[in-house]
Amino acid sequence: MAGTELLQGTLDMMVLKTLALEPLHGYAIARRIRQASSDVLVVEEGSLYPALYRLEERGLVVAEWGVSEHNRRAKYYRLTRAGRKQLEAATDNWTKLAVAVSKVMQTT
Amino acid sequence: MSWLTRLRRYVRDALRGHRLANEIDEELQFHIDALVDELTARGFSPDEARRAARHRFGRIDRVRDEARDAKGVGIVDGLRQDVRSGVRRLQSEPGFAAAVILFFGIGIGINTAMFSLVDATLLKPLPFPYAERLVDILEVQRKGTAEETSYSGMSRTRLDDWRVQRQIFDAIEPYKKARRLTLVDGQTSVSAARVGPELFPLLGLTPAIGRGFLPGEGDDHDVVVISDGLWKRAFGSDPRILDRRLQLKDVSAAVVGVMPPGPAFPFADPPVEAWFPLGAVPDPGDSPFVGVVARLRPGLTPASAQPLLDEAATRIQKARPNRTPWGAELDTIDPRWWRAANNSMVLVAFGAVAFVLLSACANVANLLLARTSNREREFAVRRALGAGRIRLARQLLAESSLLALAGCAFAMCAALWLVRVIGSVLPPGAVLLSVHQMQVDWRVLAFALGVSLIVALASGVLPAVRGAGQAAPTLLTTTGRTMTRTREHRRTRDAFIAVQVAFAVVLLIGSGLLVTSFVRMVGLEPGYDVRNLLAVSVTLPEKDYSDLPRRQAFYDQLLETVRGVPGIEAATTGYPPASEGAGHLVPEGQEQHPESGGPAAILRAGPDYFRVLGIRLIEGREFSISDRAGGAPVCIIDEQAARRFWPAQTALGQRVRYSPLVPWITVVGVARNVKTSGAARAIDKFAVYLPQSQDTQLWATSLLVRSGRDARDVAAAVRARVRALEPRATMPFSGPVEELYARAWVVPRFGALIMSGFAALALLTAAAGLYAMLRYAVTQRTAEIGVRMALGARPAALIRLVFADAIRPVTVGVVGGLGIAAWLVRFVEASLYHVSPYDPLTLLVVATVFAAVAAAAVYGPVRRAIRIDPIVALRAE
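From first to last, the protein sequence lines are chains A and B. Residue 27 in our numbering sits at position 40 of the first sequence, and the numbers go up by one each step. Residue 445 in our numbering sits at position 405 of the second sequence, and the numbers go up by one each step.
Derived by calculation from the structure, the hints in this document are not laboratory data. Do not rely on the hints blindly, as some may be mistaken.
[Said to hold, decoys possible] Only pairs whose alpha carbons sit at most 20 Å apart, straight line, appear in this in silico SDA-like list of lysine to any residue:
{"hint": "1", "chain 1": "B", "residue 1": "K217", "chain 2": "B", "residue 2": "E78"}
{"hint": "2", "chain 1": "A", "residue 1": "K62", "chain 2": "B", "residue 2": "N62"}
{"hint": "3", "chain 1": "A", "residue 1": "K62", "chain 2": "B", "residue 2": "I72"}
{"hint": "4", "chain 1": "A", "residue 1": "K62", "chain 2": "B", "residue 2": "S229"}
{"hint": "5", "chain 1": "B", "residue 1": "K289", "chain 2": "B", "residue 2": "R273"}
{"hint": "6", "chain 1": "B", "residue 1": "K272", "chain 2": "B", "residue 2": "P310"}
{"hint": "7", "chain 1": "A", "residue 1": "K62", "chain 2": "B", "residue 2": "A740"}
{"hint": "8", "chain 1": "B", "residue 1": "K715", "chain 2": "B", "residue 2": "R651"}
{"hint": "9", "chain 1": "A", "residue 1": "K72", "chain 2": "A", "residue 2": "S25"}
{"hint": "10", "chain 1": "A", "residue 1": "K62", "chain 2": "B", "residue 2": "E78"}
{"hint": "11", "chain 1": "B", "residue 1": "K217", "chain 2": "B", "residue 2": "A740"}
{"hint": "12", "chain 1": "A", "residue 1": "K62", "chain 2": "B", "residue 2": "D73"}
{"hint": "13", "chain 1": "B", "residue 1": "K272", "chain 2": "B", "residue 2": "F329"}
{"hint": "14", "chain 1": "A", "residue 1": "K83", "chain 2": "A", "residue 2": "T(-3)"}
{"hint": "15", "chain 1": "B", "residue 1": "K583", "chain 2": "B", "residue 2": "W739"}
{"hint": "16", "chain 1": "A", "residue 1": "K62", "chain 2": "B", "residue 2": "S231"}
{"hint": "17", "chain 1": "A", "residue 1": "K62", "chain 2": "A", "residue 2": "E51"}
{"hint": "18", "chain 1": "B", "residue 1": "K217", "chain 2": "B", "residue 2": "F329"}
{"hint": "19", "chain 1": "B", "residue 1": "K164", "chain 2": "B", "residue 2": "R483"}
{"hint": "20", "chain 1": "B", "residue 1": "K289", "chain 2": "B", "residue 2": "F329"}
{"hint": "21", "chain 1": "B", "residue 1": "K715", "chain 2": "B", "residue 2": "W739"}
{"hint": "22", "chain 1": "B", "residue 1": "K715", "chain 2": "B", "residue 2": "E779"}
{"hint": "23", "chain 1": "B", "residue 1": "K583", "chain 2": "B", "residue 2": "A740"}
{"hint": "24", "chain 1": "A", "residue 1": "K62", "chain 2": "B", "residue 2": "E66"}
Just chain B, same shape as in the assembly:
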């Protein structure tokens, strides 16, 4: 029969399965009737004839089945049958089914959820339509070969200069950083930002309701665009939102538009929910600088735009002489700075997911293999009774598919649920989640599902097909199992266990390192007294304070006032050590070799700074009245700088500078090291302190206040004093100094947590696999153990026997895992803080954890082995 005909019949039969089955029944029934007739004709009574006919016909079911099989009846019908019997089978082994489904859930579900988290925070690019063309413009002051400092933000005149460069940017808009405003009810706070009128079109965003800003609205503060979240939260999704006004404590504005759910620019924590238009005229109280986002012309990349940028910068400077020379560079607007810094994080994330997935798959495979090998005897018997090999395989396939499907369904539910839970539980802390909502990554889910399905089906069906194909007599004549098959299976199982253990070890080491690193970072002594130390940053408005003496007078007066606040033990002004400002410190004589120096935090220190903060000076003196504005520049450097630059002599009297644009500064004191930032670096920045009295800018500084009670209570009072003195002053930050460090911890903590999550999963999976394998081994060897016990073996010997099965694969796994870890550890090296990749303490902890879990996994089977009753065991054979 041609294959086409065969196919047609196949399809026809498949669709008409039921009818075909009936036809067979009818045909067989006719045969029986004919037989009865014949027997009756021969003289049997009808009843006897019927009985005889049935008897002659044998078990009609078997015949019917064989007939059906030969006909390849009804795929659908057969499938239904297989499914039904499969379900019944699985119901009789609930533990096994539950275990397989659980591992599916772990391998796929949790894994995908965690990966989705990593994806949202690390992998996915910015969710704007023109994401790759959006840039920030940095002003770079360069002198000499390598020294440079770059600044983000620019004045409005500079912004206009850039706007004209249409050959580089087709759109450029200013914005102001988000601030927290309070609604008129006094309770709810809203994060609000002011943005240029064309910002939404620049980003490619359009409001879902209403409109964005009109060009003329820049200076009109009576309009606002709100976010979808705010619309729901504060207005209850009022469909007539465009008639409402947003009532804030100081401001009321008409709502002209509602943005769809999605990313909010400028990125902030908590995310921006209200946008006001930013005008050409600066507000009183504003700093003269604005943030800038620009969109490159299509076809330009940051790299290819650089020459154009340089050219434009030169042109702009020629038009405005008498300024220090500067250049321009482009930077990304993506706040997830770790993405650029740590591309290896991506690999680590993928690696961890793959490990856990494979580990879980290994368990699924193991379970299924063990089960099918148990049923070999059953298959042999059925084969002897005439069942077709394909039939058996089909039934196994149905069972495996059922398990796989149930497992996948469970996994998908687990993934979706987990993603939602994680998304709501994690503090939108840090700009981590304000960029992307947490979502299940369908690619990863599909991939994991695919892999697991293949694994489940393969391990469920293949061995059975092979086993079922074997000649029946061989299998039946032994006591139910052949030695060769057992050995083969054992090798496979051992391999699986070893692989799982290796994965678990690798992930454990990775997470151990990250956790240790984080703990070290957090636990690092600040070097000064942070208890009850409050920082309130203050920025003066440009108007009325254009004169430096005026600014100095203000801050002096402010300090006096603040010192009078009840509950305050001491106060000073200056930059807290965790400040962002940075330069590159080099000693005099070494300016040609920038690598002799290092990054340094530049900290302004007001009166009594060192005493108030509790920073000890080990050499020299503090700043004093003699360090006046216009006098010889002086500085105090920290211990590590002093030791690095002048290891053999005193640093006092030497000179340093933190930028090629400033003159050399004389060192008059050396202070103890302080923690300058919370960021993960192998080396902390140097700290160089400059007297505030010699600050030529002094637009902004911080009040550093030590209070007797909890710092927050005092904060409000301090802020009130500031406002009383200058209502237009802005206070971007106000809170305990410790908070400044905490900001930088979010990423390392996150990384450590995630990695530990993966490691725990892998470890549990390996432990489960180990437990299952040992239990199976004990069951297999029940007879042997029984004999040994009858012969007087002691428990210790039995335990050793059980262990023997486990020791080899586990050892191989551990050694392999250590080797792989040693090679892979380079990928996390960049994230480690004061931790060597081969940190002995970490390894010790990892070893202990692993040993404990392994012991727990082994405990059950061992106990079982010891308690075997030799008589029962022997009889069971």
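Bound-form chain A, shown alone:
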């Protein structure tokens, strides 16, 4: 679905989740999210990088330069311990929220 607007917090959460498995560079994160959501969620570059930098500022991820699969210089992001904790909390909240919303939507 094009045009679905993501809440900023949701994007952050998904980025953290993506990085929970392995360190990735920005492009890879966007691709991973798109693939995992079966092309439903397309992350705009204009939202992705600001989100990444904010996460970095908050100390939830750290970044370092590395070499990509095509031998090019790329910046890789890695989850920190604080990031992992934040991911748990965010997932928890999100689940609660999703359950509550679906309950409301099911009542007639």
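Following the hints, complete the assembly by docking chain B onto the known chain A.
Positioned in the frame of chain A, the structure of chain B alone reads:
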């Protein structure tokens, strides 16, 4: 992240801003490349892939900006950006920028300059190291309860008596008043004084080159110390100055020292530039009295030294009996007598500066507020596009700071330049500026700068931050402005205008009063004929004239000689009415109530005095031969004294005295009032005339000469006659009698000028503010006016519409200003001369001036309103 880590990163990022920006670019570029690769792999051609990637990526600039913002990239970099865009913005609005900078210049620059002037002449203490311990010793002759007269200056024997009182003074030195000498070239005049050898150490001054005087040099007139100014002027800053001699017309002396630039004691106008040593032995031709400056022992103040002084005085008198009893008091050596008299002047000066500063700040604030409110729409749009609030605020801050800095730079230059100009243009007239050089007062400058900066930044940034914070949709859905914001802004603007107007009114009234007072003082009829009236004061040397008859004979002979000078219509001797001598006049029977009398000028009158001066007698007679030395003392008093003491009867035959130390004197005549002094007083002194023939002192008197031509031409001839008769006679003053009055006018004129300067500034600032506000209002209401005109409104109605905006704040301001002025006027009351603080004429003039300026301010916007083309106006909506 801990705050320490955050701070470290912050600093690191700030310093590495540029590198970080590059890193972001590199990262984004990698992303684009990866995208291109993917698209190519999917089958796009490289070109198409690249185009698609770019397209997908959106406007890379925006992304980059957002990324940078999120990272808080490079303070320095961001700052540079903001500054650049700020400069561009301001360049596109030159009028606005110029106006703000101008008001900075006025508020800070001119204000500071004027305050520096006031500071130098009024506020700063004497610039000597021991200033608070330096005193003059007055001899006070006291009798009874309240009557006393005090004299400055003393004989050398008295000086030695005081020198011994080491428990009071740790140094005491004599000096002689400055005199004007001429250099050998006959043209350049130099003000020179003779001072005791230890005077420089007493004052705490040391010569910059060479030395002061040695103890033995007192009687040696072959040495001189010169000022820095004279060294530059007459010797071209010759580094071998100590080998040179100062060649004057009558005297040549070796230069032994050069004083650094700074105050010159004794204070004189023009300032003293050459010091000769004063010896223990009086020169022939000297009066026996010397001026004295003493330095109190550390720890003593004039108040705490008084008991010691009294004790010492008693002791000295016991050692020298057979003299009239006297006491001693201490006086300041500061020639700025108005400082003691008028402490309220200080408050007035500060008040005026504050008013003008605030007024200018109000204008700056107004301008900035108006501008930011105009840009609200722009902010709303940018917010909708995703710009951060902080980002916007930062940009505004940069713009405001630019303006503020430019304004401050301009203001500082203005202040420095003005101070220099004023310093060189003002006649060092009067001892006003011989005490302090004019300098920019850095405290005031810093204070004004600080205040203005705060005002500029606050009014430039705050409203924008607030406005930018508002939800974007609200602002965009209306036609660009919300009513509530306008009203709020209007109230602020109104308040500013009202305050400015109030300040301007207060200052206008103050200056109006001072100007009127000065004009009255100057315009006051002297009461006698001052045209072409010359006064030459003559003082006899002590040697050869110790005998009173001898002195009388001299002056009689002198008068005869002078009457023979060609061009002279009439001549007499005596004291001109503007003389300094004073006593306290009381009528007989009232001596227990000194307040029944009043201060009086004591004027000796020689033969034909009243006729020569043109002073009319309304009762009784002039002095005549019958009023001889040793005969019954007689006097003539002036009208106001006569009416004050004996309102119901004639004054003739009554008796008065001007001091408890003299016998009662019979009144034989009543003269018209004359102007006795130029000083600002609410009541003029009485005048009491005494016959010169009954003067028991007669060391000095003045020749009063009426010439047919300009008095100056005759002056030289008169002086020549005096010197021919007695070469050792000194003539301290020689010039038109009017000059004697002018000396006392300097301060009131100065005060009036300064105050008017402040008032003009405040008025202009208020007018500018009013103009800007009205213009803005007209612009805002263009549509409304257009509609009204289309509906057939006449110009008169439109004018009323425009005025409505202005009337309220202006009225409030005027009323408020009048109220404040009524309360504040007490501070200038002491300086007013024959002017009531509620003088109706002054108020009328003030009202007219204000109305005229206000009308000029309003004229432009009104014209604009009338000429609005309704069609254009409506379409613009």
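The hints, checked one at a time:
1. B/K217 - B/E78: Violated. B/K217 to B/E78 sits at ~101 Å, over the 20 Å cutoff.
2. A/K62 - B/N62: Holds: A/K62 and B/N62 sit about 13 Å apart, inside 20 Å.
3. A/K62 - B/I72: With a Cα-Cα distance of about 13 Å, the restraint between A/K62 and B/I72 holds, given a limit of 20 Å.
4. A/K62 - B/S229: violated, 85 Å
5. B/K289 - B/R273: Distance of about 17 Å is within 20 Å: holds.
6. B/K272 - B/P310: holds, 16 Å
7. A/K62 - B/A740: violated, 102 Å
8. B/K715 - B/R651: holds, 17 Å
9. A/K72 - A/S25: The hint is violated at about 27 Å.
10. A/K62 - B/E78: holds, 18 Å
11. B/K217 - B/A740: The given pair, whose Cα atoms are some 16 Å apart, holds under the 20 Å limit.
12. A/K62 - B/D73: holds, 14 Å
13. B/K272 - B/F329: Cα-Cα ~33 Å, so violated.
14. A/K83 - A/T(-3): holds, 14 Å
15. B/K583 - B/W739: holds, 11 Å
16. A/K62 - B/S231: violated, 83 Å
17. A/K62 - A/E51: holds, 6 Å
18. B/K217 - B/F329: holds, 11 Å
19. B/K164 - B/R483: With Cα atoms ~13 Å apart, B/K164 and B/R483 stay inside 20 Å; holds.
20. B/K289 - B/F329: Judged against 20 Å, a Cα distance of about 25 Å means the pair is violated.
21. B/K715 - B/W739: Status violated; Cα separation ~25 Å.
22. B/K715 - B/E779: Holds - the C-alpha atoms of B/E779 and B/K715 are around 13 Å apart, at most 20 Å.
23. B/K583 - B/A740: holds, 14 Å
24. A/K62 - B/E66: holds, 9 Å
Comparing the model with each numbered hint stated earlier shows that hints 1, 4, 7, 9, 13, 16, 20, 21 do not hold.
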